[in-house]
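**Student:** Protein chains in written order, with my numbering: chain H, 1 to 353; chain U, 1 to 353; chain V, 1 to 353; chain F, 1 to 353.
Hints were generated in silico from the structure; no laboratory data involved.
It should be emphasised that the depicted structure is a prediction, and the values quoted were computed from it without experimental measurement.
All the pointers check out, no bait thrown in.
Copies of the same chain look alike in the list, so a pair counts if it fits in one copy or across any two.
In silico SDA-like pairs for lysine to any residue, Cα to Cα no more than 25 Å straight-line:
id: 1; residue 1: Lys90; residue 2: Gly220
id: 2; residue 1: Lys200; residue 2: Gly182
id: 3; residue 1: Lys52; residue 2: Pro184
id: 4; residue 1: Lys249; residue 2: Ala169
id: 5; residue 1: Lys168; residue 2: Lys320
id: 6; residue 1: Lys200; residue 2: Tyr183
id: 7; residue 1: Lys90; residue 2: Leu23
id: 8; residue 1: Lys320; residue 2: Arg223
id: 9; residue 1: Lys274; residue 2: Lys350
id: 10; residue 1: Lys320; residue 2: Asp114
id: 11; residue 1: Lys320; residue 2: Ala108
id: 12; residue 1: Lys249; residue 2: Glu318
id: 13; residue 1: Lys168; residue 2: Phe227
id: 14; residue 1: Lys274; residue 2: Glu24
id: 15; residue 1: Lys2; residue 2: Glu59
id: 16; residue 1: Lys320; residue 2: Glu204
id: 17; residue 1: Lys200; residue 2: Glu318
id: 18; residue 1: Lys249; residue 2: Phe165
id: 19; residue 1: Lys71; residue 2: Asp115
id: 20; residue 1: Lys52; residue 2: Gly182
id: 21; residue 1: Lys274; residue 2: Ser261
id: 22; residue 1: Lys43; residue 2: Thr63
id: 23; residue 1: Lys3; residue 2: Gln271
id: 24; residue 1: Lys249; residue 2: Lys320
id: 25; residue 1: Lys320; residue 2: Gly166
id: 26; residue 1: Lys249; residue 2: Gln208
id: 27; residue 1: Lys200; residue 2: Val260
id: 28; residue 1: Lys168; residue 2: Asp228
id: 29; residue 1: Lys200; residue 2: Arg287
id: 30; residue 1: Lys320; residue 2: Phe227
There are 4 protein chains.
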Amino acid sequence: MKKLQVAVLGATGMIGQRFVQLLEGHPYFEIGGLYASERSEGKTLGDVLSLKGVRFQEETLNTRIEVLEPKAVANRCRLAFSGLPAEVAKGTESALAGEGVAVFSNAASHRMRDDVPLLIPEVNPDHIELVRTQATFANGGFITTNANCSTTGLAVPLQAVYKEFGLKACYVSTYQALSGAGYPGVPSMDILGNVVPFIKNEEEKMEQEIHKMLGTLKDGRVRFADFDMVASCARVPVVDGHLESAVLKLGREADAAAVVSSLESFKPAPQELKLPTAPVRPIIVRREDNRPQPAADALAGEPERARGMAVSVGRVRESKGYIKFWLLSHNTLRGGAGGSVLNAELAVAKKLL
Amino acid sequence: MKKLQVAVLGATGMIGQRFVQLLEGHPYFEIGGLYASERSEGKTLGDVLSLKGVRFQEETLNTRIEVLEPKAVANRCRLAFSGLPAEVAKGTESALAGEGVAVFSNAASHRMRDDVPLLIPEVNPDHIELVRTQATFANGGFITTNANCSTTGLAVPLQAVYKEFGLKACYVSTYQALSGAGYPGVPSMDILGNVVPFIKNEEEKMEQEIHKMLGTLKDGRVRFADFDMVASCARVPVVDGHLESAVLKLGREADAAAVVSSLESFKPAPQELKLPTAPVRPIIVRREDNRPQPAADALAGEPERARGMAVSVGRVRESKGYIKFWLLSHNTLRGGAGGSVLNAELAVAKKLL
Amino acid sequence: MKKLQVAVLGATGMIGQRFVQLLEGHPYFEIGGLYASERSEGKTLGDVLSLKGVRFQEETLNTRIEVLEPKAVANRCRLAFSGLPAEVAKGTESALAGEGVAVFSNAASHRMRDDVPLLIPEVNPDHIELVRTQATFANGGFITTNANCSTTGLAVPLQAVYKEFGLKACYVSTYQALSGAGYPGVPSMDILGNVVPFIKNEEEKMEQEIHKMLGTLKDGRVRFADFDMVASCARVPVVDGHLESAVLKLGREADAAAVVSSLESFKPAPQELKLPTAPVRPIIVRREDNRPQPAADALAGEPERARGMAVSVGRVRESKGYIKFWLLSHNTLRGGAGGSVLNAELAVAKKLL
Amino acid sequence: MKKLQVAVLGATGMIGQRFVQLLEGHPYFEIGGLYASERSEGKTLGDVLSLKGVRFQEETLNTRIEVLEPKAVANRCRLAFSGLPAEVAKGTESALAGEGVAVFSNAASHRMRDDVPLLIPEVNPDHIELVRTQATFANGGFITTNANCSTTGLAVPLQAVYKEFGLKACYVSTYQALSGAGYPGVPSMDILGNVVPFIKNEEEKMEQEIHKMLGTLKDGRVRFADFDMVASCARVPVVDGHLESAVLKLGREADAAAVVSSLESFKPAPQELKLPTAPVRPIIVRREDNRPQPAADALAGEPERARGMAVSVGRVRESKGYIKFWLLSHNTLRGGAGGSVLNAELAVAKKLL
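Please construct the entire structure, taking both the sequences and the accompanying hints into account.
**Tutor:** Here it is in structure tokens:
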């Protein structure tokens, strides 16, 4: 298969750099262009790199950043990965779709649109069919979004449990990493030895998105799942990896062992389809009494290409009719660039590209 | 009033050192002796100090640590503040009570005993009467306990809300500071840039203690409060100050404004009695969108003697029939040594000492 | 004495907020106005506060920030404390001096000017006389500067040693706190669990300024001190307090004990004059084997008003003909706002105000 | 080549676990046994793992820890890697050498012995010949040591410069990572947001060891190099990677460019011999103005097996007749287990094994 040319939008940002990382040596895709705002025009990726400890090929580091012009992008690239900030994403992504580009976006702008899939291949792979209802689809242009980073980590195990036991309520509190705020992001003086119990719009996103993703696609539209979803979000001094404390009221009674079993036997589409960025085990249930931890588990996932794509779950336990567990996922891989790359791989598998 | 001589048990530990700090210049109490295990015998407090940035008087720093012998303690001290580790506390505290010493303990050993008050003066001041039912009371000896550090911070605002609106359920996730694990406590390599989603026995304590404290004393025994209490506890890289995310299902509907009003109008016993270590405002409701934060608010509370004794509450908001807020309290002051000192001050006010 | 009205320039910055803190209840000075750029115009100090854990009076928090207009400032204020960024400071401070305002600046712009004292009252109090050589002095306007934060902490003990033993060389490496970079300053992702071995222009400042300060004022100009001064500067994940490792080659041989003695017997002008912000002991020599430490010693200094104004020195030791020690000083108090406030107090004592 | 069986001594410690990591898939060596104190007897490596984020094979994790008995070790293993604590290392390592085992030790106990090489293959490969002078050599037993972690990182670039320009003095200040203190090591409350300017015996080791390593082997003994070496050592809140600020007075004048050139053209023995754990470039000179940094560069080194084995040098600059630079090396790889593994590889190349 000839590799598809892809554009990386917002290439200078935290998510953009992760897109680039994941595209190095990718079996389906090849970087066709790196795009960012005028501020970075003409600089190389190496000049603006803020990601630490990741190795890039010399050639990639020397690639120059270009200013995004939709037609020019469409001439060169079949698809685009978007790490654009929300305020820019809306118009730009629509314009690109209008030019026939398939856009896989990490931005929130289009997530809740009726005709846009809010997609996690492990959770709701069939929702990808929604793109066929988009006006631009005839010309090959469409928009697919991955979920918010905190929602993603939660959605994967929640779907496994929801499918088997149903769900009345989910109460979640997050311990979110700094990279989720981009770069420069959180000032060091605000977070060193501190926790900030506020992330703008984050709780709202979690409380909305989960119902769409766990919803059912029928007759070309998604019927939202229905259960209480209550989120509280905080920033902690951790570089990568969102940890979440989840308390569930299941639809029917089940003990911790049954929940563990549902998590471990979860074998969704990407694993069936052996998508390149899909981890062998999408959910890794840990038995230790103090895991998962960001420093140890953020990069969980095998093989090498899927590092950071597994969701780790630990301390599954019951208390007074509730199920409690902790979950961890890498916010800029699983919950960011990796999610969109997996979405695009699913699109290839579904022959949408 | 002649000052009462007090013993500090476990004086070398994190809580012990906080007891000493609070006793400097205390209007009712005076250090009669510092006690710890044989390992520290003969050393001065200055030799073993692990608390950073707190100023002690020269004389205090030069006080020698003694090995605890109950009779000797009883000869010298009317009361004892205990920062002993749980495994030692049980026997030692009982022995001291047997010798006629009034023990105010931070240890968990006796907290759930039927005849021992689990006391927060702002929450359940009348429970102090339980000490009269203790066998040793006739000789002046008795045991009073303060609650677990995480439970304390929660209990204060919860009581304000519970009294006014009733409560069906409380879901809480904690972001707990390092000093809660004592010294040396958590190894730096385990927590720098990390979160550890496990604190031994902590969730169990929170889920048990809250019902006793919010319970009703009647006919010499406490009838426990009845609502769902579900806790998830984690350690974060913060030195002092436990932050908690709370989600409440109230007994009757109320909006965020009504909850704020119940918190701000809360005027419990210690403030009525003007106890020396009681903060003027026991609950400080913050209006900013990103508070309370450990680095900014752990030491909330006025006057000077009550620094670290106020509970800060912020981001009171509603979502789908639930009330959410964040709370913060200083774990070794409000939730530790300060709690027991306040208990002893209440005992003085109630003429139990 | 009627209090002098002072302007705080750059009041929204890290140094500006420290000026405000030090002016609360100051015996000589009173805030006449808070000034910053247009971006903050009309906001209150409370709106823009980034300093954590410092208490301000309600009235101060409600003071509105104004845009700086030199004539208007001069009408209201006898002196100005400047926490302006270097690029703005140069012109603005000159303009203010031209209007007859005595400017005490933390900015680097005028430090190396021949007619401007680079002043630390403990080190070179006589240099303040340089202001008389400034063109604007006749009208009461002049500029005095405090040194760079890292230079200040070093200059105090270095002067004590230099006076007694002479100096051939000083090799210093710094471990500088985040607050030195202002706010928002260092992005958290750059420094959490990391050290950044670069601070723009910092090494150059240290290598230049020290010679001027330890120089001799004669015939209206400063003859620079002459010894090798080599600095290497790094940023570490610490909020406040610059730690420095110093290696000295003395002018004549001396052992560690003699050096300690010279440091402890150092009794410079501000202490003789009992200036309000001068610490009783300007240099505190620690005997522990692992001090000074930022978390424990940044706020060293008594009385209360002088907290953070003492320089802590520790581990004074010899090795192969060199003297080594560690020193620590609070970078935004001793090495920033506190330095300029002390300079202004010296000016009052010298009847220059 | 049939793989040699090796014993890992102190397998539960930080260095021991790094030995195990490096032995996985090693082309010359194979784990013959994991040894530690009685406390860990019978546990598996997985039970005691404190290293985070490193992947071990399932089989390795399930290997049981044994108690060390020299004869039994000698029966099974040709060589031993020792991560033993200094107080245990001395006797144990001697006993093993007596039994004919070649010991490659990270412990300090034998480093300064006349007949023991203090070996860094990039620095003094010929010193390995010293083992022939050991009494046990006839039976195949001998002891080789790697240097202290801070000394190692310095010795590599220092040797490059020393050989070319000579050296009068080296002043170094360290910024040392937490993993250097082992596990549990530094209590989190001592180091979070702090720097501790003291590491027991570290300065002494640096000041001694460097002269032996840069010394000349002649007639079976090492003549020590002669220049002023002054070290100041501090612990910083970084997990892995010792950063050091170095100031050099060269033997003959040279500018920064010449020094860079000497560092980059340095091609020592391990690279000539293509030892498996030798990085292609032993010294990586960085051109950015703010590197090397622990978070970005601790794991420098290629190929994969040599990650963490390169020394990064940056900010090479002149000031007043001195050369200054910063260097960084991974303290438990390059400066610990990796150093000893490379030593053993050199021994294989020299047919000493």
